[in-house]
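Asker: Turn these sequences into a full structure, and let the hints steer you where they fit.
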Amino acid sequence: MAGRWMDLGALNARGLPGADALGVAIERMVTGIASSVESERGLAARLNYLTKTDAGYEAMDRAGIHVSPRTLMAWLAEERIPNKANRSRLDAAYWDLRRRNVAADLKKRLNNHGRGTRVEINPVDQTRVEGRHQRDLSSRSLNVRGVWDRAVDAWMNDDYDELDAVWDDIIEDLGSEYDAYSNVSSVGWAA
Amino acid sequence: MTEKLSVEALLEEARLNASIPPPAERLRLREAAKLSRAQVAETCDVGRSTVANWETGHSEPAPPARLPYLRLLKGLAEIYPPDPTPGPTADPAPHPVPAPASASVPAAFTGAPETLRGADGRAIEGDPGPCIRCGIETTYQSTDGRPLHSGAMCQPADPAAPQTTPPAPAAPAAAVPASVSPTPVPVPSRPERRARSAARAQADTTALIARAVQDEAERAGGDEDAALKALIKRAIPDVMHLFNETRATARYDYTAYPALPDVLKKPSKKDPDQIWEARPKFHHPGYSLKVPGDVKVTALDVNAAYLSALKCWLPIGKLEHSAGSDGIDPKRSGVHLITPGEWAHPHLPDPIGDRDEPGALWVTNATLRLLQRLSGPKYGLTDAPVIHESWTSGATENFLDALRKLLSAARDEAIENNDTLTLEYVKAMYSKFISTMGESIHNREMVRPDWMHIIHSQAYANLWGKAFKASTAGLDVVAMMGTDELHVTGDWRRVFPEGRGVAQMKVKHGEGKATGEYTVGTVGR
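Chains as they are written, first to last, in this note's numbering: chain V, 1 to 191; chain R, 1001 to 1525.
Heads up, a few of these hints could be off.
To be verified - Here are the computed lysine to any residue pairs in the SDA-like style, where the Cα-Cα straight-line distance is at most 25 Å: (1) K1233(R) / N1017(R); (2) K1506(R) / T1472(R); (3) K1331(R) / V129(V); (4) K1432(R) / V30(V); (5) K52(V) / N83(V); (6) K108(V) / M1240(R); (7) K1229(R) / N1418(R); (8) K1233(R) / R109(V); (9) K1233(R) / T117(V); (10) K1281(R) / D1301(R); (11) K1269(R) / G175(V); (12) K1427(R) / A1305(R); (13) K1270(R) / R41(V); (14) K1331(R) / D1401(R); (15) K1427(R) / Q1214(R); (16) K1296(R) / I1441(R); (17) K1265(R) / D20(V); (18) K108(V) / K1266(R); (19) K1269(R) / G32(V); (20) K1266(R) / A25(V); (21) K1269(R) / V129(V); (22) K1269(R) / M156(V); (23) K1506(R) / G1516(R); (24) K1466(R) / A1305(R); (25) K1269(R) / K1074(R); (26) K1074(R) / N1017(R); (27) K1270(R) / G32(V); (28) K84(V) / D96(V); (29) K108(V) / I1236(R); (30) K108(V) / D168(V); (31) K1269(R) / G146(V).
Stated by the list, open to error - Sample of chain V residues facing chain R (criterion: CB under 7 Å; computed from the structure): (32) Q134; (33) D136; (34) S139; (35) S185.
Source of the hints: derived by calculation from the structure; they are not laboratory data.
These numbers come from a predicted model, not from an experiment.
Every residue, glycine too, gets a C-beta built ideally from N, C-alpha and C.
Answerer: Below, the structure is given as structure tokens:
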């Protein structure tokens, strides 16, 4: 993380690190099965998705679902329902796989044929900061390109350091004040 | 440069300026002499980019730098005269009478640069750009690096160029003075001084709506249903484009992706957030459909209720928290946690809507303004609401007004022309604009659920105003429901104008008993 804003909140500013906001904003682009895993429909849809491809079985492995083929067949046939622990693992496995599968699409949308995406950056909330410590920060909007592949990969692999490095690259383009946007209140874009 | 310029110098400058080479030629001359722009710029005492502008035609040389530049160009033109060798296609030698193909290449262009070729004789491609001869984009280049169609086979864009040149051997010589490349279409050297007038801008934006309808109607080939379906499909991107157009000269920027307070966050995709929009569902306790009677009731419909509700106080920036009534300001808007006063008028709808449980609730600024108005000295209908906390931001009432006027004008015109297609298209645009401005995968241009709630409750507040107007005029409000439904007794035409305009009311026809004009009975009075 860049600069001097290491201890956010020391002066009562509220916000979150830019890398977190970036991850949240990428996360917002991901859509998938809306029904919860607790519902019959949501469970069936997740099982269906996870058993269609080899990648699905790998995702279940990663999520720690180690069941016999018979059990899996019984789940798919809706003869048995996974226990609560396995249901939450199935949910985790589903979203893990879903993220991997949409990553390529996200990169394409964000890169936008090399033109990049315009990102709105909203500064930290300073309403509780004492007047003499407040800085004059405005919402900034800048076109970001060239970093989206790295950003999406880092988000997918939960690589916080890399996401942080990407955020530093992004805010460098904001000019002399970039340091003040190491922490933000929110980030958003239309892609 | 302190000495006064002599008459001779001025005359020389005028003479040189009369025969100033076109921008492309200026570039060629400088590059032929292998001079850098910086060198030229220093000699003429101007900036490097100024020289670049002269060479691209963005601007023309102006005194005092003009004279040295013109002298330089004249000198360079003597050292590097325009290339007299004809292009490969214009070689007249094998053809005493030129073939039609080569005849169509005017001799004026025989001096044009040749195609850039590699060692193998094949043309080399580079960055695409408008061809210096015909203006159509090409990736092939001339030897001096400008875009040019391979073999210069293209037709020149300039129709004024000599089209028929006698195939006399003297032709290339005669063409030498004009042998420079054709100048590109002049681009205005300065941005337009005057901004578009408001009326002009509005006319341009209105034309976008008409063009969309026309395009889809043509594409559907007379199938109106298909055209309407296509129009509704593109309504969201189109209305966002219109919105951005109306914001083009706006004074301040809004926040499209603010950090949302928890009260505006949806706990899950299907569950609502905590904002109460005050949607009315009012039935007068003194009247009933079930009791036979002969009280005549008319079901009325507010035209384009959500379109009118676009005029409301919208917070521009990120919402900020304030405790108590600190956040209350005529110039601020947002959402507020309030405890409304008691409503003791059973014959009038409760402005807080159809609410069962008492206590504090989160309402929007539109509802709060209505409640505060009603508790004021003019109405005195209820106690002032107690405000506990607020999430607000600086607000304006005109934020969506340009868009509202635009859509409203298009709607009026469509009604006048009986144009169902445009009418439905406009309706889809404003309703989808409102319903997707919160969190929606169909519209990622903004995430402002607060605006959506405020506009909704503004529509309900407007409806309440109409109910109150009917009531003060002596009509009884039998029912008030949804966004736009108002059922009244008596002669409503002396209270509301009838029609389809946004300020008018029309009789609501539909399914069920309570539509159009119907009768109810009275209960217990």
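Asker: Does each hint fit the structure? Answer for all of them.
Answerer: Structure-based check of all given hints:
Distance check on the hinted pair: K1233(R) and N1017(R) sit about 58 Å apart at the alpha-carbon level, beyond 25 Å; violated. Taking the CA atoms of K1506(R) and T1472(R), the gap is about 20 Å. The hint holds against a cut of 25 Å. For the proposed pair K1331(R) and V129(V), the alpha carbon gap of about 23 Å is at most 25 Å, so the pair holds. Of the supplied pair hints, the one linking K1432(R) and V30(V) holds, its CA atoms being roughly 22 Å apart against a limit of 25 Å.
For a cut-off of 25 Å, the pair hint linking K52(V) to N83(V) stands: about 22 Å separates their Cα positions. The hinted pair formed by K108(V) and M1240(R) meets the criterion: a straight-line CA distance of about 22 Å does not exceed 25 Å. Between K1229(R) and N1418(R) the CA atoms are separated by roughly 18 Å; this keeps the pair inside 25 Å, and the hint holds. Of the pairs offered as hints, the one joining K1233(R) and R109(V) holds, with about 20 Å between alpha carbons and a cut-off of 25 Å not exceeded.
A distance of roughly 24 Å separates the Cα atoms of K1233(R) and T117(V); the hinted pair therefore holds under the 25 Å criterion. This hinted pair checks out: K1281(R) and D1301(R) have alpha carbons roughly 15 Å apart, not beyond 25 Å. For the given pair, K1269(R) sits about 38 Å from G175(V) by alpha-carbon distance, which is inconsistent with the 25 Å threshold. Simply put, K1427(R) and A1305(R) have alpha-carbon atoms about 11 Å apart, close enough for the 25 Å limit, and the pair holds.
Under the criterion of a C-alpha separation no larger than 25 Å, the hint pairing K1270(R) with R41(V) is consistent with the structure, at around 15 Å. With a CA separation close to 16 Å, the supplied pair K1331(R) and D1401(R) stays within the 25 Å bound. Simply put, K1427(R) and Q1214(R) have alpha-carbon atoms about 17 Å apart, close enough for the 25 Å limit, and the pair holds. Taking the CA atoms of K1296(R) and I1441(R), the gap is near 46 Å; set against the 25 Å cutoff, the hint is violated.
Between K1265(R) and D20(V) the CA atoms are separated by roughly 18 Å; this keeps the pair inside 25 Å, and the hint holds. Proposed proximity of K108(V) and K1266(R) is contradicted: the alpha carbons are some 28 Å apart, above 25 Å. With a C-alpha separation of about 11 Å, the suggested pairing of K1269(R) with G32(V) holds against the 25 Å cut-off. At most 25 Å may separate the alpha-carbon atoms for a hinted pair to count; K1266(R) and A25(V) meet this at roughly 16 Å.
Distance restraint check for K1269(R) and V129(V): the Cα-Cα separation of roughly 34 Å exceeds the 25 Å cut-off, and the hinted pair is therefore not satisfied. Taking the CA atoms of K1269(R) and M156(V), the gap is about 22 Å. The hint holds against a cut of 25 Å. Between K1506(R) and G1516(R) the alpha-carbon distance is near 10 Å, which keeps this suggested pair within the 25 Å criterion. As the CA atoms of K1466(R) and A1305(R) are separated by approximately 11 Å, the hinted pair is consistent with the 25 Å bound.
This hinted pair does not check out: K1269(R) and K1074(R) have alpha carbons roughly 73 Å apart, beyond 25 Å. A distance of roughly 10 Å separates the Cα atoms of K1074(R) and N1017(R); the hinted pair therefore holds under the 25 Å criterion. At roughly 14 Å between alpha-carbon atoms, K1270(R) and G32(V) fall within 25 Å of each other, so this suggested pair holds. Of the pairs offered as hints, the one joining K84(V) and D96(V) holds, with about 18 Å between alpha carbons and a cut-off of 25 Å not exceeded.
Simply put, K108(V) and I1236(R) have alpha-carbon atoms about 22 Å apart, close enough for the 25 Å limit, and the pair holds. Between K108(V) and D168(V) the alpha-carbon distance is near 22 Å, which keeps this suggested pair within the 25 Å criterion. Only pairs whose Cα atoms come within 25 Å are accepted, and K1269(R) paired with G146(V) is rejected, the gap being roughly 32 Å. Violation of the interface hint for Q134(V) is found here, the shortest Cβ-Cβ separation to chain R being roughly 13 Å, above the 7 Å cut-off.
Given the 7 Å rule on beta carbons, the hint for D136(V) is violated: about 14 Å separates it from the nearest Cβ of chain R. Given the 7 Å rule on beta carbons, the hint for S139(V) holds: about 5 Å separates it from the nearest Cβ of chain R. Interface restraint check for S185(V): the shortest CB-CB distance to chain R comes to about 4 Å, inside 7 Å, so the restraint holds.
Checked against the numbered hints above, the structure breaks hints 1, 11, 16, 18, 21, 25, 31, 32, 33 and satisfies the rest.
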